[in-house]
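**Student:** First to last, the sequence lines map onto chains S and A. With the first letter of the first sequence counted as 1, position 148 gets the number 148 in the working numbering; the numbers rise by one all the way through. Count along the second sequence from 1, add 1000, and you get the number used in the working numbering.
One or more of the hints may lead you astray.
[What the hints assert, rightly or not] One side of the interface only, derived from the structure: several residues of chain A facing chain S at Cβ under 10 angstroms:
| # | residue |
| --- | --- |
| 1 | R1006 |
| 2 | A1017 |
| 3 | D1057 |
| 4 | P1152 |
[Claimed, not checked] Calculated Cβ distances over 10 angstroms to all of chain S for the following chain A residues:
| # | residue |
| --- | --- |
| 5 | R1014 |
| 6 | A1075 |
| 7 | K1106 |
| 8 | L1156 |
If you are wondering where the hints come from, they were derived from the structure by calculation, not from laboratory data. C-beta: ideal position from N, C-alpha, C; glycine also.
Next come the chains, spelled out residue by residue.
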Amino acid sequence: VQGDIADPPASYRGVDRRQRQGMPRRTIRLVELIAVVTGLLVIGVGVPVSLLHVPRSSALDAQAALRDLWAILFFSAGVLHLVRWRMTGDAHAALRGCGTLCFGLLTALTAALAPLLHRSGVDESLMPITRTVAVVACLALLARVGRTPAVDTRVRPLRLLGITVAGAWAFLALAVAAAQSHRPVELGPTVWFAIECGLALGWISCGIRATRRGVTDRSASFTWMGVALLLMSAVEVMRALAFMSHPELLFLGTGVQLVVGAVVLINAATDLAGVLAADGNHLLHMSGTLHETVHHLSTDEQTEAARRHDTRSALASLKAASLVLDRYDATLDPQTKVQLRSSFAQELSRLETMIEGRSREPLEDYRLDAVVSACRGNVDGVTVTGDLAPVRVSGRPEELLPVVRSILAILGRRSPERTVGVRMVGAASGVRLICETRASADTVRDHLSDRNEEPVRRLGLLVARRRMREQGGDLVVHDRADGSTAVELWLRAAAGEAPDQEIVEAVEARLDRADLTTPAEHPPTAPRLTRQHHDEVRPRQLVMADGHVRRAVVIRSYDAEPA
Amino acid sequence: MTSATRVAIVEDHRLLAESVSLALRAEGLDVVLGDLTDEASLLQSLCPDDSLLVLLDLDLGQMRDGARLIPVLRAAGAHVLVVTGTRDTIRIAAAVEAGAIGYVGKDQPIDVLLGTVQRAVAGQSVFRAGERHELLAQLRRHRAEEGRRLGPFQALTPKERQVLDALRAGRSVDRIATDWVVSEATVRTQVRGVLTKLDVRSQLAAVAKAHAAGWRRAG
């Protein structure tokens, strides 16, 4: 019975980007183009015009300066969002970056181009055109928000109302702008009041949406964005009131805009810092893993170099011995010759072992309980419990011991009580040593390539499984329905130790066949399943004694595929 | 070079040592096998002087690197001929620099080994023309390259090396501070020292530089 294992969840610290949304390459190019053009516009047009613009009345100057500052804040926030998007590929960051940049750009252009075109001051007839673009941008955001399925049904009418009103005003603003392009019309305060109210509605829709998402997702970023959008709606209300009766509110509204810009900028900076920190931690973690991998590879390389050197020396010694026996046969005394021939034969035997490796070494029969008992009691602070029956198995006890120790350490570290139970059951092919804990299999699978400061003392599950297979056994991780985990070490029974068929059947019936094994890494000698044999894999359900239904995967038979 | 009258074999491969000793004895040389229990026993068994030619393996198993015996043997007046299975020319060059009169690869036919020993015993050079010079030049180039690569790491203090090593192992600053029972500020100061000396701007860049340079903390 075999299962397949999914990729283990990556150890992750910081912002979760595993489910990040990708963007089409064309969109990415477009966003990049917008960012570049925006930057060039601000640098090439905004700055010189700001420096050269003609003097105006002090109130207008102050307001224009505040507007410039507001534009810079928004523009900076947009750039930070785009940087975050470039680092993470998060579509939301790109959307926010584009939106923020557009607003910053519009404000900058309004402040910069108005004095250039109308030297007597800011001509308010220009405002509807720029505001129209702002309304369209709001509508785009609303359309994006409206496409999101997870909307509370109670909010839907409000959302519909907001979109309708904003859409109507956008249409009206567009019509007014088109009419003004042919015949400039002096707009009255009432029209301005209506435009500002429309904008306020648009900001409120977006703000509520962002705040709700912030609360739902527990995202500080969205919450602050919602606060900024709601503040923007307050700004528009102040402007509307300023046109009707209180002109001083116009100045106050511009001041609040600055607060909004600061909030947006800080929010973007915080997001980016979070990504940088997460990426830094992640990369540092990866570098640690890389270091360990390099260490293992280096150790393997050194071992291999030593083996090669030993083989070379063995060959040289065999050649030298052969030459001596051949060339100096007449001069050597009989005892020396016998001794040399004996050494020659021993060296040949050793050379064969070096070439073939340990897999050719014979397995020995030993008492499993005696080996496992060495791990009983307390291993690395982990309490090991269970009674072991005297059972003889076939294998290499010196290789089993570190495997058992590692499994107990891995399970124990993840167990809430730091306790691991050990028991043995007979099975069809031999004996199963079962190590059980209440830790979940997910956390146990994190130790596929177990990383710690003492890599020599503990083996990852991958290495442990390979060692078990080298001695004719296997290692399987079982993820039980009650959340506990069992790691089974399968060992071959010693010669003459026939398994009890009843026990075998009981064990087979109790095992959870939907469990996962360690990664599908087959040793060179293991049979590989062909496509034809995969067809013989059948899903099945097993009803357990406790009434639970477990999924099962049963492979009826398989053959070794020729190499 | 004065001629030698005795030959000592310092080789952890017993069959090879015995076979070569039998062949050399058959050629009329006085051969002794080195005791590889430890360095003192070895020197005692060899009784090194200027009449001794030592056939020295560079990989002595339990006694590790045989090259470190060369200065000791040379100081006692013995001549050292390296007989090695390694193909690392830098190691061989280092042995020659330390005072070895030549080297023979174990992958060479046994007659080549016997012929080289005969020449060495007779006081003749065992190097081809220019071979020794070429080996030493190669060693100098290697050291220059290594010095250029690892130069910045030489400037690190022992504590900064420990910090860099911990960063390479994937440990964060707070974790290092906890493990070493010091404040985070202390570790951050050491990290800043590492970054400054390695001329990098982030911990990750420092780790990457260490990996790229093949730096390993001594000890």
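**Student:** Now tell me if each hint is right for this structure.
**Tutor:** To see whether the hints hold, each was checked on the structure:
{"no.": "1", "hint": "R1006", "verdict": "violated (20 angstroms)"}
{"no.": "2", "hint": "A1017", "verdict": "holds (8 angstroms)"}
{"no.": "3", "hint": "D1057", "verdict": "holds (8 angstroms)"}
{"no.": "4", "hint": "P1152", "verdict": "violated (18 angstroms)"}
{"no.": "5", "hint": "R1014", "verdict": "violated (7 angstroms)"}
{"no.": "6", "hint": "A1075", "verdict": "holds (28 angstroms)"}
{"no.": "7", "hint": "K1106", "verdict": "violated (4 angstroms)"}
{"no.": "8", "hint": "L1156", "verdict": "holds (17 angstroms)"}
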